[in-house]
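From first to last, the protein sequence lines are chains S and A. Note that numbering that gives the first Met the number 0 numbers the first sequence so that position 106 is 105, with each residue one more than the last. Note that numbering that gives the first Met the number 0 numbers the second sequence so that position 91 is 90, with each residue one more than the last.
Worth flagging that the hints you see were computed from the coordinates, not collected in a lab. Careful: at least some of the hints might be erroneous.
Said to hold, decoys possible - Among chain S residues calculated to face chain A with C-beta under 8 Å, some are:
#, residue
1, Tyr98
2, Trp132
3, Gly202
4, Phe210
5, Ser249
6, His253
7, Ser255
8, Ala257
9, Val279
10, Ser281
11, Asp284
Where a beta carbon is used, it is the ideal one built from N, C-alpha and C, also for glycine.
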Amino acid sequence: MELENIYSGKILLVDLDEGSCDEEELDEDLIGEAIGGAAVNLALYRKHRDRDPVILGCGPLTGTFAPSGCAGVVTGKSPVTGRVCHVPLVLQTAVEMKYSGFDFVVILGASETPVRLWLHDELAEIAGADGLWGRDVWASTDWLRHEHGDDSVQALVIGPAGENGSPLAQLSEGYWGSRDIFGLGALLGAKKLKAVAMRGMGGLEVADGFFQEAVRVQREIRKGDFFQGKGMGPILSALGADGALVDTLSKRAHRSLASHNGAYAPYTFLMIDEAPDVWVESKKDEPGLLLTDPAGVLSLQGLGEAMPAVLRRIQRLGLEPNACGALLRKREIVDPAAAEAAIQELARGIGDLASAGVESVYSTAPWPLTRSEEERLVQAAGVFSHAVPPRPVGGSHADFAAPEDGTGRARWWLERMAACSILGLCPLSALLSPVFSPAEMARWASLAAGWEELDEEKLLGTCRRMISETLELGEPSGSVPDGWLSPDGESFLRELQQG
Amino acid sequence: MELAVDSLRCTGCRVCEYACNYHHDGDCSAIGASLMLHRVEKKNYFGLMVKRERNLLLARPEGEETVAPGEQVEGAGASSKPILMRAPCDRCADEDVPLCVQACPTGCLSMA
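Turn these sequences into a full structure, and let the hints guide you.
And the structure:
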């Protein structure tokens with residue numbers, strides 16, 4: 000497949016052992032085989048696997064006019080599960096990376112001293128991070144924007160939790176939490192890589208006619224009932240959240256935000272120290288927080304009115320909120336001060352799910368609500384983050400033409416996540432609208448890139464191969480709870496691995 | 000007719016910037032757009048700036064303001080300066096509807 004459209008055309012190789020950066024041209028044959036995103040990440044992982052790589056990748060639709068074309072993906076070996084995993088990036092970071100001139104960034108080895116990476120204008124620099132190491136996620140993001148003189152700089156950042164190697168450490172997207180349930184924050188901490196900052200001022204070609212078709216599809220998506228609302232509240236309600244939680248959030252809800260060209264705005268900002276109906280710029284520097292992760296919000300709902308403030312502390316420390324919530328529940332902590340103290344301890348690397356006796360799926364905190372067969376299966380597969388809800392959100396399985404049986408539904412979810420992670424589409428959006436079918440997603444990429452050979456069959460074949468090859472890598476640590484998998488489920492996972 | 004912004008309907012998705020650049024330069028980028036999202040992220044304060052031929056429209060969430068050339072803008076940061084160096088909005092003269100209006104998923108942009 001030719002690359003004149005869609006990709007910037009460069010892979011960046013970052014050698015932290017040597018403190019050097021190198022570039023490779025993006026290979027047409029590699030894209031022809033793997034299309035993009037997580038499948039290319041996986042090929043690069045296999046090539047460099049003896050150096051414990053972490054790969055940042057974009058899909059062909061990342062940063063384009065495709066509906067919800069916001070996404071990138073981080074691939075690495077989880078220090079929590081022992082297996083290779085793919086974590087979606089869904090805010091502005093992946094778009095910024097692609098426009099900085101790099102479609103894929105391969106991070107190899109480990110630095111002896113704290114460093115940061117700066118990507119801009121097709122250039123990459125490794126710089127010391129002495130002034131940054133020890134700062135929390137918010138202060139780090141502020142520091143990077145000040146250092147580079149631009150509030151539009153985006154960054155992947157770790158907080159104290161990642162620096163201290165906590166198994167609950169999360170990779171953050173700027174100030175806000177990501178979908179990292181696999182401890183990639185601790186992996187970057189072990190590499191002494193505090194942040195990857197990016198500013199993209201480049202441009203991408205898209206094939207003629209793609210803009211008009213993307214606008215038409217976006218309007219089609221917006222006709223769905225779910226898209227008449229906005230914010231995290233309707234998502235939580237659709238997932239079966241307690242009405243009291245939704246009420247708590249609605250009392251503090253400020254404006255909601257969408258990702259790049261998102262048809263729905265899922266990210267609700269909660270005002271904590273400011274009135275939620277004030278539209279002028281707050282005089283307070285940090286009046287609230289952005290809700291980015293429904294699993295984390297659901298997991299912390301037992302804290303009631305104190306939840307937003309505790310979640311803000313979790314975000315600042317760079318912790319995974321779903322796991323934090325599971326630990327707080329196990330310890331029966333509901334007092335805000337006690338919760339904050341417990342969280343500070345977790346960020347110091349003290350405590351994990353297993354030693355606290357918390358039920359876990361390969362040492363990750365389970366999806367906080369329902370436990371249907373398909374939900375248990377996709378969590379046991381462990382390839383994609385179950386911080387993305389493990390089921391449709393904007394309708395029923397039937398609305399999304401998903402199979403009726405558990406294993407069929409699990410395959411449906413995994414393939415939808417795989418397609419998004421390969422093409423650069425928001426995985427949550429693909430659960431909000433049935434329009435995001437593999438056939439449609441393949442058609443959008445084919446139109447944008449001018450790749451006539453990309454169709455549903457090619458996309459699904461790449462998805463299945465990528466899932467299978469991911470499962471082959473790494474030995475799982477931990478286990479699933481007793482009774483988590485039925486014999487059919489165990490057989491399904493074996494089939495998945497065999498492709 | 001000028002480009003109008005219903006600021007509170009904006010969700011900060013930025014596709015308008017990319018659509019505008021596509022009109023001006025024919026590629027997917029935000030760097031040459033006549034409009035720009037201004038966002039103070041930790042305060043969730045955001046709105047659009049539109050460079051028009053005769054003035055700069057600041058579509059703030061609390062209300063609109065127009066700024067004539069040479070006037071000082073209260074609260075403008077370093078990230079808002081580049082808009083002044085860009086081509087003004089020509090309302091996509093060769094289109095029935097400007098591309099930003101076509102692309103906006105929330106209907107926050109219109110011609111009025």
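These are the hints, each one checked on the structure:
1. Tyr98: holds (7 Å)
2. Trp132: Violated, about 21 Å.
3. Gly202: holds (4 Å)
4. Phe210: Cβ of S:Phe210 sits 6 Å from chain A, so the hint holds.
5. Ser249: violated (16 Å)
6. His253: Holds - the Cβ of S:His253 comes within 8 Å of chain A, reaching about 5 Å at its closest.
7. Ser255: holds (6 Å)
8. Ala257: For S:Ala257, the interface hint holds, since the closest Cβ of chain A sits about 4 Å away, which is under 8 Å.
9. Val279: Where the cut-off is 8 Å and the nearest Cβ of chain A is about 5 Å from S:Val279, the hint holds.
10. Ser281: OK, holds: S:Ser281 within 8 Å of chain A, min 5 Å.
11. Asp284: holds (7 Å)
Of the numbered hints stated above, those contradicted by the structure are hints 2 and 5, listed in ascending order.
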